Amino acid sequence: MALFDLSRQAAVVGIGTSDKFGLVLDQSPARLQMQAFRAALDDAGLRAADVDGFATGHGAPQGMDYDEFAIQSGCELRWAVQMWTHGRWASTQVAQAALAVTSGLADCVAIINTITNGRGYGRHLAALGEGTVREAFRDVGGGHGEAGPYGLDTPGSATAMVAQRYMDLYGATSEHLAAGPIAFRRHAQLNPMAIMRDKPLTLEQYLESPPLVGPFRLFDYCLRNEGSTCLLVTTAERARAMGARAVLVSGVQGARASRDDFIMFARPGMGLGFTDEHDYQAGQMPVYQMAGLGADDIDALYVYDSFSSNLWMVLERFGFCPPGEAYLWTQGGQIELGGRLPVNTNGGLHSEAHLSGFGHLLEMVRQVRQEAGPRQVPKAEAVQWATPWGDSLIFTSS
Amino acid sequence: MSARPLPVIHPDNQEFWDSLRRHELSLQRCRECSEVRFPVSPVCPRCLSEEFSWEVMSGRGQLVVAVTVHRATGNPWWSERVPFSVALVRLAEGPRIKGGIDNSLASLPPGTPLRVAFDDQEEVTLLHFRSDESGTDARPL
Numbered sequence: 001m002a003l004f005d006l007s008r009q010a011a012v013v014g015i016g017t018s019d020k021f022g023l024v025l026d027q028s029p030a031r032l033q034m035q036a037f038r039a040a041l042d043d044a045g046l047r048a049a050d051v052d053g054f055a056t057g058h059g060a061p062q063g064m065d066y067d068e069f070a071i072q073s074g075c076e077l078r079w080a081v082q083m084w085t086h087g088r089w090a091s092t093q094v095a096q097a098a099l100a101v102t103s104g105l106a107d108c109v110a111i112i113n114t115i116t117n118g119r120g121y122g123r124h125l126a127a128l129g130e131g132t133v134r135e136a137f138r139d140v141g142g143g144h145g146e147a148g149p150y151g152l153d154t155p156g157s158a159t160a161m162v163a164q165r166y167m168d169l170y171g172a173t174s175e176h177l178a179a180g181p182i183a184f185r186r187h188a189q190l191n192p193m194a195i196m197r198d199k200p201l202t203l204e205q206y207l208e209s210p211p212l213v214g215p216f217r218l219f220d221y222c223l224r225n226e227g228s229t230c231l232l233v234t235t236a237e238r239a240r241a242m243g244a245r246a247v248l249v250s251g252v253q254g255a256r257a258s259r260d261d262f263i264m265f266a267r268p269g270m271g272l273g274f275t276d277e278h279d280y281q282a283g284q285m286p287v288y289q290m291a292g293l294g295a296d297d298i299d300a301l302y303v304y305d306s307f308s309s310n311l312w313m314v315l316e317r318f319g320f321c322p323p324g325e326a327y328l329w330t331q332g333g334q335i336e337l338g339g340r341l342p343v344n345t346n347g348g349l350h351s352e353a354h355l356s357g358f359g360h361l362l363e364m365v366r367q368v369r370q371e372a373g374p375r376q377v378p379k380a381e382a383v384q385w386a387t388p389w390g391d392s393l394i395f396t397s398s
Numbered sequence: 399m400s401a402r403p404l405p406v407i408h409p410d411n412q413e414f415w416d417s418l419r420r421h422e423l424s425l426q427r428c429r430e431c432s433e434v435r436f437p438v439s440p441v442c443p444r445c446l447s448e449e450f451s452w453e454v455m456s457g458r459g460q461l462v463v464a465v466t467v468h469r470a471t472g473n474p475w476w477s478e479r480v481p482f483s484v485a486l487v488r489l490a491e492g493p494r495i496k497g498g499i500d501n502s503l504a505s506l507p508p509g510t511p512l513r514v515a516f517d518d519q520e521e522v523t524l525l526h527f528r529s530d531e532s533g534t535d536a537r538p539l
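Residue numbers (our numbering), protein chains in the order written: chain A, 1 to 398; chain B, 399 to 539.
This is chain B alone, in the form it adopts within the complex (with noise of 0.2 Å):
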């Protein structure tokens, strides 16, 4: 019996998965240039920078794209626990994430709100999208 594959933590990334623990989504903000980036980094990709600050996100966002994995071949971990979905998801303040999806929801059209949740496992929380009724600002995507 395989162990669950986990996220490889490190000091430049801890502040990402502990907020998640907290049932948060933190990012980085760029103090030179405002930019909130994703994934993490030590310097920010528009001006390189290493002046950041860490900002809880509104946790809104829109579905970009996800998928449903009958038959995973990958980590054997994962073969006993399918059906799961996996989703894109395009965040209100603009970085893209992935994160679990419930599969009744992989199947929605782009564009559909979703709200950030989070999936507490023993060693780690994990993000999770739900879908989001009060969604107003949807655009295209």
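For reference, chain A alone in the conformation it holds in the complex (with noise of 0.2 Å):
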């Protein structure tokens, strides 16, 4: 038994963005930062020394450390968290705001992430280091499977190896794996900001382009760009005082790490963990518990697309459909705009920009508030951000 319950105590009131996403933009981690944190204060209505917390993923040199934020924003922390690598901590960020919030640490987080990479500023920054983490070199091997030493050295190429094992084990084929980008580039020709607006992708296409690793091909990928997002989280009870279009943080669940479900982006018991392979069931998910809603109620899906079978994995180990039968579901425009469940909304890692997860955490603010334009889902009222490696967030409005 919890000692109180968390849901619907801590909001998002503020949103934004770096001007841009892009490929390359060119400008430095500390300008895009500042670009996302004035654009989310003005957004919430709140200045910057009404910020006293932080969190982020990964700092310097992509992005910002915590006090080098501190020392450019002016802002006085008393409460920080700095994680490590980008998308897998973003919903555990989000959660980190929320019980500082709630438990008086800090009374307004700016929970900011950037990506800067090497052929954009980065080159101006590498003396500072690479930023990268060699975990495919551990005992263990790389956290999306990687070994290192035999050349499966990339997120991408570990994870062509879980899509390859999910196609053998339920006969799933090219054409099913294209749906999530196929469906993500058509919600992307609705956003403004998606660095892929204005270039469709057909299924000719996809099939067309030849597979890389395993049976991922160019469009199984997501971009690598440069941009920044900024969220700002305080507590409900504040942001009713401030008048704030609320967006409640109603549902938590943290990562999830064992020996047969360590591997980021595929789900437990398809035999690619250290342990014999079982059968998989979704079971009781903590963020339904805690948010008093089912999956059924769930509005829209906000999905950790960084490769595209990452959709399969989600809608099995949340119970969305049962293991092996995510490759038929998402068929014929059922996570599409109009469809069962929309999925991304926004273009996703694949379409909208690599932003670590928060680019969707944001479209997820933005449809709760009603204010996704052409791309709004009808009745936002419940929307959920889950990943393949297990956690998850809900958002709702009341």
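Think of the hints as simulated: they come from the structure by calculation, not from any bench. Quick caveat, the model's predicted, so the values are computed rather than measured. Heads up, the beta-carbon is just placed ideally off N, CA and C, and yes, glycines get one too. It cannot be assumed that every hint is accurate.
Stated by the list, open to error - Under the rule of at most 25 Å between Cα atoms (straight-line distance), these lysine to any residue pairs were calculated in the SDA-like manner:
#	chain 1	residue 1	chain 2	residue 2
1	A	Lys199	B	Thr471
2	A	Lys20	A	Ile71
3	A	Lys20	A	Arg38
4	A	Lys379	A	Ser398
5	A	Lys199	A	Gly333
6	A	Lys199	B	Arg469
To be verified - Facing chain A, a subset of chain B residues (Cβ under 8 Å, in silico):
#	residue
7	Val406
8	Pro409
9	Pro437
10	Val454
11	Val465
12	Thr471
13	Trp476
14	Lys496
15	Leu524
Two chains, two frames, some hints: make the complex.
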């Protein structure tokens, strides 16, 4: 029994992005980050002095460390958390911020995440280090199942093994796999910020592209780009006092890990871990319990789509469909706007931008506020972030 | 020209890599609960005992899944060596382990019997799986 119920105690009161997302923006992490921060403050009607908490995934050199942020923003931080690598800890940053504001450790937390890369501004900052983790060479291998000494040394190549295993187990094909990338690209056509706007993708184009690793083709991979996002989190009570269009943090579920469940972009029970495979059943997901909702109540779903097969993993892990059926469940426009469950209405990491998942979280806020324009899901009262590694968030309007 | 990316060898895993150099595959067996484990670890994941002995495996296994890399975007050393393939194999003793595999074997179905072989490089010996025509213990994988 929880000591207190976190559900609906914290709210997102502001969102902001860098002026643009782009493959190469060639603007410093500090510049991009301050654009996102200022935009979020404007959105919330707050001043920098109101922010006393800070959360980020990885800081310098791709983004900014907490102390750099304090020095350059002038904020007086009394609570900060800086995690490790990008999307893996996106929802955990929101959960940490919610815990911080509800426990009084901070009044308002800025969650800011920035990505720059070596083709862009990163080339000016090379002396600060690569900012990458060589976890493919750990004794346990990489977090995506990489095996560095054997050349399976990128998240994409390791995840191709996951997709191949799924296809072997259940008979899914490349045509099935294409449904996610095509849906996300369609959604991006409606998003002015999306990098792949005005670049439609057809099944024919997808299939003409040659396999790069295992079954993965170019369109199974997300973008690598530059950009920044900010979310401002405070208590629901303070949000009401501000008269804000608050979006409530209603359900939270943490990242999961075990000897069968450590590969970032695989669900358990596929025989890809270190233990003999077993049948997987979604079982009870704490995120729904906390939110007082079920999977059937979710109006739009936001999946960490670094690779196309992640969609299958999320749908089966969270029980949207039984194991081995996601590749069929996603056909026929069911995951597109107007379908049974719109997924990644922003275009996702595939077609909006790789923003470590925060592009998805900002879109969830827009949807709940009914501010998503042509991408608006008619009744977006409850929207969910869910990842192949098992963490989740539910945002609601009430 | 970049150098071949090498495994990080340190006291805890030294014997594993030394055994490959001898063309054996040795893994740790727990002295408390008899569990054979991989990856290398100072304690048994089943009972947390620190007591273990190194034991040479049979070398028999079965393919779980393999992929062929046609375009390598990680360490540049690999980009000139495509296509190459990597397999996940279930050893007869239970643990699952990754290693290289011939491209011609990478599309074989799950459960195909394989045998541990060794790929001697100048600095290190790596695992490389080969087909095992005599393999009889195929179970569905």
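These are the hints, each one checked on the structure:
Among the hinted pairs, Lys199 of chain A with Thr471 of chain B is consistent with the structure: their alpha-carbon atoms are about 24 Å apart, no more than 25 Å. Of the supplied pair hints, the one linking Lys20 of chain A and Ile71 of chain A holds, its CA atoms being roughly 24 Å apart against a limit of 25 Å. For the suggested pair Lys20 of chain A and Arg38 of chain A, the alpha carbons sit about 14 Å apart, so the restraint of at most 25 Å is met. At roughly 13 Å between alpha-carbon atoms, Lys379 of chain A and Ser398 of chain A fall within 25 Å of each other, so this suggested pair holds.
At most 25 Å may separate the alpha-carbon atoms for a hinted pair to count; Lys199 of chain A and Gly333 of chain A meet this at roughly 19 Å. With a CA separation close to 24 Å, the supplied pair Lys199 of chain A and Arg469 of chain B stays within the 25 Å bound. Residue-level restraint check for Val406 of chain B holds (minimum Cβ-Cβ distance to chain A is 5 Å; threshold 8 Å). For Pro409 of chain B, the interface hint is violated, the least distance from its beta-carbon to any beta-carbon of chain A being 12 Å, above 8 Å.
For the restraint placing Pro437 of chain B at the interface with chain A, the shortest Cβ-Cβ distance is roughly 5 Å, inside the 8 Å limit, so the hint holds. For Val454 of chain B, the interface hint is violated, the least distance from its beta-carbon to any beta-carbon of chain A being 20 Å, above 8 Å. With a cut of 8 Å, the hint placing Val465 of chain B at the interface with chain A holds, because the nearest CB-to-CB distance is about 3 Å. Hint on Thr471 of chain B holds. Least Cβ distance to chain A is approximately 6 Å, under the 8 Å limit.
A hinted interface residue such as Trp476 of chain B counts as satisfied when its beta carbon comes closer than 8 Å to some beta carbon of chain A; here the least separation is about 4 Å, so the hint holds. About 4 Å separates the beta-carbon of Lys496 of chain B from the nearest beta-carbon of chain A, less than 8 Å, and the hint is met. Given the 8 Å rule on beta carbons, the hint for Leu524 of chain B holds: about 6 Å separates it from the nearest Cβ of chain A.
Hint check: violations occur at hints 8, 10; the rest are consistent with the structure.
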